[in-house]
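Sequence order for the protein chains is A and B.
Just so we're aligned: the first sequence equals residues 22 to 378 in the numbering used here.
Just so we're aligned: the second sequence equals residues 8 to 361 in the numbering used here.
Keep in mind that the hints were calculated from the coordinates and are not lab data.
You may find that some hints are simply not true.
Partial list, derived from the structure: chain B residues whose beta carbon lies under 10 Å from chain A [said to hold, decoys possible]:
# : residue
1 : Thr51
2 : Arg54
3 : Gln78
4 : Phe94
5 : Ala154
6 : Leu163
Quick reminder that beta carbons are idealized off the backbone N, C-alpha and C, glycines included.
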Amino acid sequence: MANSLTRQNRAGWLMAGPAFALIVVFLILPFFMAVAFSFTNQRLVSPNPTEFVGTRNYERLFGIATLTLEAERDETGAVVMRDGAPVYPRLRGFTRDQERYPQYFRKREWFSFERAGNRRTYVLASDVVFLKAVRNTVLFVLVVAPVQAGLALGLAMLINRRIAGINVFRAIYFMPVVISMVVVAMLWRFIYDGNDGILNNLLGAMSFGAMPPVDWLGNPWTALPAIMAMSIWQGVGFHMIIWLSGLQTIPASLYEAAEIEGASRWQTFRYVTWPGLRNTAILIMIIITMQAFTLYPQIAVMTQGGPLDSTQSVVFQMVERGYGKQDIAGGSTISVFLFLFVLSISLLQGWLTRQRP
Amino acid sequence: MGAISLRGINKRFGATHVIKDVNIEIEQGEFCVFVGPSGCGKSTLLRLIAGLEDITSGELRIGDRVVNHLQPKERAVAMVFQSYAIFPHMTVRENIAFGLTIRRESRAEIDRKVSEAARMLRMEDLLDRRPSQLSGGQRQRVAIGRAVVRDPSVFLFDEPLSNLDAALRMSTRQEIAALHAQLKTTMIYVTHDQVEAMTLADKIVVLKEGRVMQIGAPMDLYHNPANLFVAGFLGAPSMNFLPVTVEAQGARTVTVTGDMLGRTEVPHRGRSFAPGQPATLGIRPQYLRPDDSGALRGTVRVSERLGTETVVDVALAQGTRLMAALAEDVILTPGAPVAFGFDGYKAHVFAETP
Chain A
22 MANSLTRQNR AGWLMAGPAF ALIVVFLILP FFMAVAFSFT NQRLVSPNPT
72 EFVGTRNYER LFGIATLTLE AERDETGAVV MRDGAPVYPR LRGFTRDQER
122 YPQYFRKREW FSFERAGNRR TYVLASDVVF LKAVRNTVLF VLVVAPVQAG
172 LALGLAMLIN RRIAGINVFR AIYFMPVVIS MVVVAMLWRF IYDGNDGILN
222 NLLGAMSFGA MPPVDWLGNP WTALPAIMAM SIWQGVGFHM IIWLSGLQTI
272 PASLYEAAEI EGASRWQTFR YVTWPGLRNT AILIMIIITM QAFTLYPQIA
322 VMTQGGPLDS TQSVVFQMVE RGYGKQDIAG GSTISVFLFL FVLSISLLQG
372 WLTRQRP
Chain B
8 MGAISLRGIN KRFGATHVIK DVNIEIEQGE FCVFVGPSGC GKSTLLRLIA
58 GLEDITSGEL RIGDRVVNHL QPKERAVAMV FQSYAIFPHM TVRENIAFGL
108 TIRRESRAEI DRKVSEAARM LRMEDLLDRR PSQLSGGQRQ RVAIGRAVVR
158 DPSVFLFDEP LSNLDAALRM STRQEIAALH AQLKTTMIYV THDQVEAMTL
208 ADKIVVLKEG RVMQIGAPMD LYHNPANLFV AGFLGAPSMN FLPVTVEAQG
258 ARTVTVTGDM LGRTEVPHRG RSFAPGQPAT LGIRPQYLRP DDSGALRGTV
308 RVSERLGTET VVDVALAQGT RLMAALAEDV ILTPGAPVAF GFDGYKAHVF
358 AETP
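Chain A on its own, in the form it takes in the complex:
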């Protein structure tokens, strides 16, 4: 008995072995290596030995300081104006002076704002591009998650009925999901093209030429929204299917009961559909949030983070550091940050949506 058990056990391990080995080599090991690298100066290829650098990589990523400057004044004490705006001392005087201002050394301006009494506060950061990437990624998640989930629910409710040809619609909405994001992004470059892209042609035709062509991916104001729109379109079908499966678990008799009680369509949604979708909603929000945080192929194919860093994303920066600049340590540090960030958001979501007795 024991003999056959051990034999079976060995066969079991042999069969699970390849998958287990792959998971260890490509998921578990890299995870711990990334954590370790983030405390070193590891480079992709380097003649020098790797050194332990403590938390320096993290300090570089998150190094932020504020500096408030008084406007420059002339001999009479009046504020010096140029082009209708007060002139402030040059930041270089602070960020290059390690002796007097070590806290500002090598930092760059992230953004600044005017304050009362001709003063201006500058927010300086050691890694402005990374912070812009974090801001863009969070913005991306904040827009994409609710819009994509909402649209997917709307579509799911539209296709959750028995009418002829409904499978054609289901297939159409689901089609973008099976196309790789890289391919989708390449196709949408044609749609967003600034000269004779489909979108510009369409808008031009619809407005009888009144609407000038826009370089959707070349304009810092439109590039990120354009990528958001495309991402929503690509992923909406997937979430539609999950919503649909949730919708189909709601018993028809509940809808009939609501109908007999006289519920309007909105009341039916509010009292029957939405409560019945509670668990599906939690699942979808967690999936969308995690997917949206890993925003990468769209950026890599369409904008490379530009224009003016308006589409930098955390994952794009991670890859850019690690392989573009061969700074494996820097890339690892970003990946550790992303892991902790997404983990804490998932935990927060789990806590917010916990079952209350």
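Could you slot chain B onto chain A? The hints should help.
Below, chain B alone, put in the same frame as chain A:
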């Protein structure tokens, strides 16, 4: 206002003809039971009345209004479903108040009606529970409560007891009967259980394959079934049917003969027969009595002793089966020879042959 009239109602699902020319008149305050085997269309008929399905043709009136094209909510009906259909995420109180909340009645009014319904259904202590914390019988009471608070002109029950165990079924059945006595509202009740039909109904509608077989008071149907189907469907165990040939028709009776019967006189109950015509004689198991000189001879196959009654399954000659229900506790061993006789005036004769 709660009278219901179905005239020439038909329902087709695509090519399938489910309800065939149904005509039923239900009086205000009546307890009407639709009964029949599964697939007979009784639930569909109820859903047509509720407005959950569209009527293909015919006229449906509730009170003095034709309601064919009215939404369910405009028909002033309340329905209790077999699966209860109570909302799992709401408390009992919220479930009962649902229809009132939907119609935005005042808080005070809702509280008053909910506590009144809860008192009537004896579930005041359950109001703050969730459906998952309730037993099947309690859930069914919640569903009934939700129907009651709306004060509808018609109650529709779709097999409300089929998910309950036998003991609970009986007590809930009595509660529904009490509810009807108290509210005096028109009720339509669908069931496949003839005991529920017999005990609850003022009027029974027996359905088979989408057609009305017979409409009438329970005892009317029991004692004067219009056809073999109704005769066989009502009463437990089922009525025995024996093939016979008509010999002659008298003023009130018809004389028949059969292989196992000899000559028997049976009331014809208004039906007319021609001599030589094949027919079916029906006799309820309760009307058979052991009689050594009786015509029905065979051997015991199975005997079920129920204490006050003994049900005997008898194999007659030529393999015909006969059920007898004896009103006493008798010990009969399988294989033992038995003989039964009966009073011809308690038998039925039908022109149909099964």
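Could you tell me which of the numbered hints above are not met by this structure, giving the numbers in increasing order?
As far as the earlier hints go, only 1 is violated by this structure.
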